[in-house]
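Trainee: What follows is the residue order along each chain.
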Amino acid sequence: MGELLGYLSFGPSGWGDELLAGLSITVTLFLSTLPIGLVLGFLIALAKRSPNPTLRIFANAYTTVFRGVPELLTLFIIFYGGQMALQWFVDLFSSGIVVDLNAFFAGMIALSFVFSAYASEVFLSALNAVSVGQAEAARALGLGRFRTMQKVVFPQLLRHALPGLSNLSLILQKETALVSILALDELLRHTQIAVGATKEPIFFFSIACALYVGLAFLSSLLIKQIENWTDRGQVRV
Amino acid sequence: MDMELLIKYGPKMFDGLLVTLQLVSVSLLLGGVLSLPIATMRLSSNKFFRGISYAYVYFFRGSPLIAQLFLVYFGAGQLRPFLQDVGLWGFFRDAWYCTIFVFSLNTAAYQAEILRGGIQAIHIGQREAAKSMGLGPFVTFFKVILPQALISSLRPYGNEVILMIKGSAIASVVTIFDLMGATKLAFSRTFDFEIYLIAALIYLVVVEIIRFIWDKMDRRLTRHLRPLSDQ
Amino acid sequence: MKIFKILAAAGLALATVIGAANAEMKIRIGTEGAYPPFNFKDASGELKGFDVDIAKALCAEMKAECSFVAQDWDGIIPALLAKKYDAIIASMSITEERKKKVDFTEKYYSTPAKFIVDKKGGISDVSADALKGKNIGAQGSTIHANFLEDVYKSSTIKLYKTQDEANADLASGRLDAILADSAVLLEWLKTKDGGCCKFTGPGFNDPKYFGVGAGIAVRKGETDLAASFNKAIKAIRANGVYKKINDKYFPFDVY
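Chains as they are written, first to last, in this note's numbering: chain C, 1 to 237; chain D, 1001 to 1231; chain S, 2001 to 2255.
No lab work stands behind these hints, which were simulated from the structure alone.
Predicted model only: the values in this text are computed from it and were never measured.
Beta carbons are placed, not taken as given, at the ideal position from N, Cα and C, and that holds for glycine.
Keep in mind that the hints are not guaranteed to be accurate.
Claimed, not checked - When the alpha-carbon atoms are kept at most 27 Å apart in a straight line, the in silico DSSO-like pairs for lysine-lysine are as follows:
(1) S:K2134 / D:K1008
(2) D:K1047 / C:K224
(3) S:K2208 / S:K2220
(4) S:K2208 / S:K2056
Stated by the list, open to error - Cβ-Cβ distance ranges computed for the label pairs, FRET-style:
(5) D:P1156 / C:A135: 36 to 44 Å
(6) D:D1094 / S:S2124: 21 to 29 Å
(7) D:F1091 / C:L55: 20 to 28 Å
(8) C:E3 / S:S2124: 53 to 61 Å
(9) S:D2125 / D:F1091: 25 to 33 Å
(10) D:D1192 / C:P35: 33 to 41 Å
(11) C:L218 / D:D1094: 33 to 41 Å
(12) D:F1138 / S:D2125: 55 to 63 Å
(13) D:F1091 / S:G2240: 41 to 49 Å
(14) D:L1197 / C:L43: 21 to 29 Å
What the hints assert, rightly or not - Computed far set for chain S versus chain C, every beta-carbon distance over 10 Å:
(15) A2034
(16) A2070
(17) P2078
(18) K2083
(19) P2112
(20) T2162
(21) D2164
(22) A2183
(23) F2204
(24) D2224
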């Protein structure tokens, strides 16, 4: 047991610092994907309610594709295909410039596409839950379109969407582990490297699982706080 | 589309698709059976059972499936002497069984939560009515509560089926030739990017078919729950 | 607040745009970093090994400024094609199948492929007939995997992301045999885990499957780059630099 704990020490012989570095990349990837996914998801939801049929078709196809294709495959396609597409695009303007779509960025794009596809459905049903009368009343009071959205619809929408979104964000947190397949040095990848060197799979993979569970726990605490805040206007019985 | 590619690797990818479907259906079934005791324990009044089942669900829903698979697959390799002593090595030696094992435990946690939600949503009057008709707790659960709970949680069950199909792609990292594994093999010999797009299309079609069937089923089975004006 | 710093750094590193300068040759070299003794990462994360030393020697000979990129094996050719780097120096065998996608230099080394088996397993015959129904492992996307897939049709072939994972499964008894490069396997057999196992059977080097040795891969049409690598290989073979690197890693000649 002492020997096993020794593996967790910091410095050249221990893996504690590597695991921590991996954990910070996992968290970073999660935190940078989440806002992009939320904004994209909201826009897709608006597109689904748009009077423009092209927009509606696009938004629905987007959701179908990213909810139907395995995340692992989406990652591969964005990583390799995205690189090729990006290079082709850059070559249109000037040759000789080399663009590198790294694993972090590819993972961020792929995961935010998947997240936004699911999130758009959550936003959509939340938008439907806020009654039309609310927006109409706001307009009748002389509020502009933007103000109506900002002050009246959005705060109510948030309350309806939050349970669904928090569920999705917990899923996203776990999906970051898939980016290890693209050799991004996040938590799972560092764990695999440590296992390769020490031949202690049970110990290290258990630690990794525990760290993920710990992250999920922290997130759920945070979400609870946010829920309390959005519910502050609700009458408690 | 490249015909030569299709002829050479089409059959392999088809086999892979069958492996994926088999893997998913067996895991979902086993997980479904396992979810019954877990959900019951989650709803039990016994603190100990509640704690155990809560921890189980929290672990399997809180950590990535791929990490769980690595833990069991490579962990079993490390535990070989012990597993041999207790006669379980034959099971864990096989990547297929390891994967089924992990997938079933994982989906059991999700299915238990779906089931728990379904059971909790059933009005207390149902229970009371069953009791007043003289039904025992066992019959009440299997004949009255469970069928209603399953029907009302049909939609989340459908989502879980789809999540499993998508999630099963990671079986390829522990040497299983499922659709993803066959795709990677084909890609490694041709480096033709099209292969990935074809695989994506196949997954998409499978998922959409299931979604379609589920929608039909949902409409039919819940028609008594909808207001008359909707019918 | 540390997390925001990391976030900012990650943001900057998102898409690195590298201007290509032709005045002084800059070459980005892709290698795997998980294939000891040819290429691997040491405890501090630095790339080491025969391939890496050869690459450095070649770059010195070509007066080129070289940088290394570690890339997982299964994506090593796609990443070259996607221009993540300009050349692969990662013990890649020169085969007809790969030549359809990339160009190769002349070989810079050549070692045969061999089977290893459990010492106590009692396997001595490694013909396709004798291994019928057995589990044979290899690293995916390799000549060894291709050879097994085409020739050992009645065995169960298991493919792994890294050689190390295959080795672990042979040690635990999941696999009955592994086919891989003999120099790589020799390195593993010397370790504590490798004590379980031994070489058996002949060395395989049928050019149809195993190619004509390991070469440097470049994108199709980059003939200038391939030519200067070829010139440099000849030069370090002649001036003794190659032999010095060879002897650092192997007690025998790998060319």
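Trainee: I want to verify a distance hint. Is the separation of the beta carbons of L1197 (chain D) and L43 (chain C) within 21 to 29 Å?
Mentor: At 25 Å between Cβs, range holds.
Trainee: Hint says 55 to 63 Å; check whether the CB-CB distance for F1138 (chain D) and D2125 (chain S) agrees.
Mentor: 60 Å Cβ-Cβ, so the 55 to 63 Å window holds.
Trainee: Hey, is D2164 (chain S) genuinely clear of chain C, shortest beta carbon separation above 10 Å?
Mentor: 5 Å, violated
Trainee: Would the least Cβ to Cβ distance between K2083 (chain S) and chain C come out above 10 Å?
Mentor: 6 Å, violated
Trainee: Given the hint that K1047 (chain D) pairs with K224 (chain C), test it: the Cα-Cα distance must not exceed 27 Å.
Mentor: 23 Å, holds
Trainee: Does the alpha-carbon distance linking K2208 (chain S) and K2220 (chain S) stay inside the 27 Å limit?
Mentor: Cα-Cα ~21 Å, so holds.
Trainee: Honestly, do E3 (chain C) and S2124 (chain S) meet the 53 to 61 Å range at C-beta?
Mentor: Hint violated: Cβ distance 38 Å, outside 53 to 61 Å.
Trainee: May I ask you to check that A2070 (chain S) keeps its beta-carbon over 10 Å from the closest beta-carbon of chain C?
Mentor: 7 Å, violated
Trainee: Closest CB-CB distance from P2112 (chain S) to chain C, is it above 10 Å?
Mentor: 25 Å, holds
Trainee: Any Cβ of chain C at or closer than 10 Å to P2078 (chain S), or is the non-interface label fine?
Mentor: 5 Å, violated
Trainee: Is the claim that A2183 (chain S) lies outside the interface with chain C correct, judged by CB distances over 10 Å?
Mentor: Consistent with the label, A2183 (chain S) stays out of reach of chain C, its closest Cβ about 19 Å off (over 10 Å).
Trainee: Is the hinted pair K2208 (chain S) and K2056 (chain S) satisfied, with a Cα-Cα distance of at most 27 Å?
Mentor: 30 Å, violated
When the structure is compared with the earlier hints, violations turn up for hints 4, 5, 7, 8, 13, 15, 16, 17, 18, 20 and 21 and for no others.
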